[in-house]
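Colleague: Protein sequences, first through last, are from chains R and L. Residues in the first sequence are numbered consecutively from 1, following my numbering. Residues in the second sequence are numbered consecutively from 1001, following my numbering.
Simulated from the structure, these hints should not be mistaken for lab results. Accuracy of the hints is not assured; some may be wrong.
Distance condition first, Cα-Cα at most 27 angstroms in a straight line; then the derived DSS-like pairs of lysine-lysine [claimed, not checked]:
| id | chain 1 | residue 1 | chain 2 | residue 2 |
| --- | --- | --- | --- | --- |
| 1 | L | K1002 | R | K72 |
| 2 | L | K1362 | R | K74 |
| 3 | L | K1362 | R | K15 |
| 4 | L | K1002 | R | K122 |
| 5 | R | K74 | L | K1002 |
| 6 | L | K1359 | R | K15 |
| 7 | R | K71 | L | K1359 |
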Amino acid sequence: MNIISVRNLHKTYNKGKTQALKGVDFDVRQGEIFGLIGPDGAGKTTLFRILTTLLLPDSGTAQVDGYDVVKKYKDIRRHIGYMPGRFSLYQDMTVEENLTFFATVFNTTIQENYHLVEDIYKQIEPFKHRRASKLSGGMKQKLALSCALIHAPHVLFLDEPTTGVDPVSRKEFWEMLQKLKTNFHLSIVVSTPYMDEAMQCDRIALMQGGEFLTIDTPQGIIESYTDRLWSVRSDNMHRLLTDLRKMEGVQTAFAFGESHHITVDASLTFDVFRQKLTALGHQEIQIEEITPSIEDCFMHLQN
Amino acid sequence: MKQFLSFIRKEFIHISRDFRSMLILLIVPQLMVIILGYIIKNDVEDIRVAVIDPSHDVYSTRITERLSANKYFIFRDELQTEAEALDLFRKGEIDLVIVFCGEFANRLVHTQDATIQLLSNGSEPNQASVSVAYAQQVISSFQQELSSNRGGMNIQVNNQMLFNPQQRSDVNFVPGIVGVIMLLICCMMTSAAIVRERETGTMEILLASPLSPLIVVMAKLVPYMVISLFNICTILLLAIFMMHIPIAGSLWLYMFVAFIYILTALMMGLFLSTCVNTQLAAMLISLLTLLPGVYFSDMVFALDSMPASIRSISNIIPAKWFIAASRKILIQGVDIQYVYKEIVILIVQGLAFLLLSLKMYKTRLE
Chain R
1 MNIISVRNLH
11 KTYNKGKTQA
21 LKGVDFDVRQ
31 GEIFGLIGPD
41 GAGKTTLFRI
51 LTTLLLPDSG
61 TAQVDGYDVV
71 KKYKDIRRHI
81 GYMPGRFSLY
91 QDMTVEENLT
101 FFATVFNTTI
111 QENYHLVEDI
121 YKQIEPFKHR
131 RASKLSGGMK
141 QKLALSCALI
151 HAPHVLFLDE
161 PTTGVDPVSR
171 KEFWEMLQKL
181 KTNFHLSIVV
191 STPYMDEAMQ
201 CDRIALMQGG
211 EFLTIDTPQG
221 IIESYTDRLW
231 SVRSDNMHRL
241 LTDLRKMEGV
251 QTAFAFGESH
261 HITVDASLTF
271 DVFRQKLTAL
281 GHQEIQIEEI
291 TPSIEDCFMH
301 LQN
Chain L
1001 MKQFLSFIRK
1011 EFIHISRDFR
1021 SMLILLIVPQ
1031 LMVIILGYII
1041 KNDVEDIRVA
1051 VIDPSHDVYS
1061 TRITERLSAN
1071 KYFIFRDELQ
1081 TEAEALDLFR
1091 KGEIDLVIVF
1101 CGEFANRLVH
1111 TQDATIQLLS
1121 NGSEPNQASV
1131 SVAYAQQVIS
1141 SFQQELSSNR
1151 GGMNIQVNNQ
1161 MLFNPQQRSD
1171 VNFVPGIVGV
1181 IMLLICCMMT
1191 SAAIVRERET
1201 GTMEILLASP
1211 LSPLIVVMAK
1221 LVPYMVISLF
1231 NICTILLLAI
1241 FMMHIPIAGS
1251 LWLYMFVAFI
1261 YILTALMMGL
1271 FLSTCVNTQL
1281 AAMLISLLTL
1291 LPGVYFSDMV
1301 FALDSMPASI
1311 RSISNIIPAK
1321 WFIAASRKIL
1331 IQGVDIQYVY
1341 KEIVILIVQG
1351 LAFLLLSLKM
1361 YKTRLE
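With the rest of the complex left out, here is chain R:
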C-alpha cells in the first residue's frame, strides 16, 4: 500500500522563472524509509513543503495518507510529523515545554504517546529543563524528532535532519529511524545531501535540478551501474585528475576524497594504464577496481 503517491508534480518560483520541480513522479510505500538524495537546490525542500501542504504545486497531484495535498490539507495536517531543515522549535522554551506544547497542538499528551518517543526522549530527558537554544546540535535534532513524533503521525517528513550534525549523532539518528520503522511500522520520507546515508534507506530517489534521476533500492541502483570503475591514487593528485581527464580510454574522472574514481573503456587494462601514468611522471601509483557507491551512481546518472 502506498502512503504517498505523487504524479507529475511541477513547481516554479518567481512567476515561473525558477523551476524548482519539473515533473516528479513517485510512490512511498507504507512502512518504508524513502530517501530523497541530492545536492542543495535539487528541489528536496520544495517537494517536502508541497507534501506537508505548506506550498501549492503549479500542476500535478500528490496524495499523502490518502488525502489530496491541495483539497484535503487539513486532514493531512492532523496525521503528519514534519521536521523542517532549519531547527524550528522555540529556542526560549525548555525541552519539556517544547514537547508539551507540540503534544497539545495535536490534541494529545506526552503520556499518551510516550512509547513512541521514549527511546529518543530518554537521551535528552536529563536536560529537560534546559532551553532549546542551549542544546547541542545532536540534542536539538533529537528534540525536534521527538516533537515531530509525539502525536503518533502516520508519516514522518524529515528535511535534511542530519545536516550540520556530527558523525556520531548522525549515526545515532539513523539508528533511531530504523527502530521507528521496525517497531512502529512508521513510514518515513527523509532527505539528505550526504550520499553515504542513502544506504540506510529502503528506497531512494536521486534528485537533481528539480528532477528525479532514478528511483530504486540503493542496491538496485548500484547493480544497474555497469561501467568499470577504478580508484586511482598517485603522489600528485591534482595533476593526476587533469591527466586522467585527457587520457584516452578514460571516460570520466572525478575526485572522491583521497582517490579519484574513473570509468574506463573495456579495452583498458591495469598494466597499460599504469604504464601511461608512469610515462606522465606519476609515482606511488595505486589502482584498484571497486564497486560503485551511490555517489558514483549519482555522478554517472548526472551525465
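Following the hints, complete the assembly by docking chain L onto the known chain R.
Modeller: This is chain L only, laid out in the frame that chain R set:
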C-alpha cells in the same frame, strides 16, 4: 480549548523570558504618561455656539447676530435652560453657550447692570479659553460701538468653565496620552508576534499542524491584553494619586471602554502582522501608524481647527474615539448613553481588523 490555553501559555513564556522587552512593556507607558502629562494644545475654529436668551430684545439679538456672522462661530441653537446646554455639552454638540440676563436691553440702557454669562467646555480647557476669549472680543467690540453712539454702556461678562473649573490641561491630556500609548504598545507588540514565528521558522511547524488560524490569532492577543489592562490600571492610579486628576465619571465605564479600545488596537496590530514578512517591517509600520494617531486623535492638535477633509480622515483612527470617550467619562462624568457611539465605532473597527487578519492569515507559506 486545551490547544488554545497551551498556546497562550507559550506566548506568556515568550514574553516573560524576554526580560528587557517586558520591562519596556510594563514601565515605559507609565513613564510616558508622567512625562508627557504636561503638554498643551491650542487654537480653535468653528466654535459651535448656543444661546439662552430670555430677553429677546434688540440688543441681545444683535449680539447673537454678530456672533453668528463671525467666522469663528457657528450658530447652533437657541436653548431655554442650562440643563439643555449641559446635555448638549455632554453629547459634544456645542462648544460655547451664551446666556443673556433677563431684560437685557432694559438693564443695559437703564440700570447699567446687564450681564452675559459664557459657559464653556472645560474638558478641553485650551479650546474653551480660546473660544471664550473670542466671544468676549465680539461682545466688547459691540459694547464699544454702542458706547460711542450713546455713551456709557456697560456689559458685565462672566465666564464659567464647566467640567474642569480649574482649567487644568493635564486633566485633558492624560486621557489622550493613554489612548496613544496603548495604541503604540498593543499595536507594536502584537504586530511583531505573528511575524516572529515566520522569521524563526516555527510558523512552518505550526502551519503543518491542525492549529486553526483563529486559535493562533486569538492566543497571540491574550498576553498583550493582560499587559495592556495592567498598564491602564497603573496609569489610572498614577493619574489619581500622583497627578491628582479628578475622575468625574464611572471608573468601571472607563475600564469597559478601555478594554474595547485595547482589543481594537490589538486586532490592528495582528492585522499588520499578517501583512508583513519581517519583525522590522512590522515595527516600522506600527511606528508610522503612531504618527497619524498623534495628529488625528485630538490628543495634541485640536481636530476642530483642521479642515473638514482631514477631520474625516481622523474618523478611522481608533485612538480618536477612545480619547473622545475617555474625556467624556473622566472629565465630564457622563453615562454610557453619551459614549455608546464611540463604543460601537471601536467595536466595529476591531471586528474589521480581526476579519481582515483572518483573511490575510496565510494557511500556507506563500
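Colleague: Against which earlier hints does the structure fall short, listed by number upward?
Modeller: none
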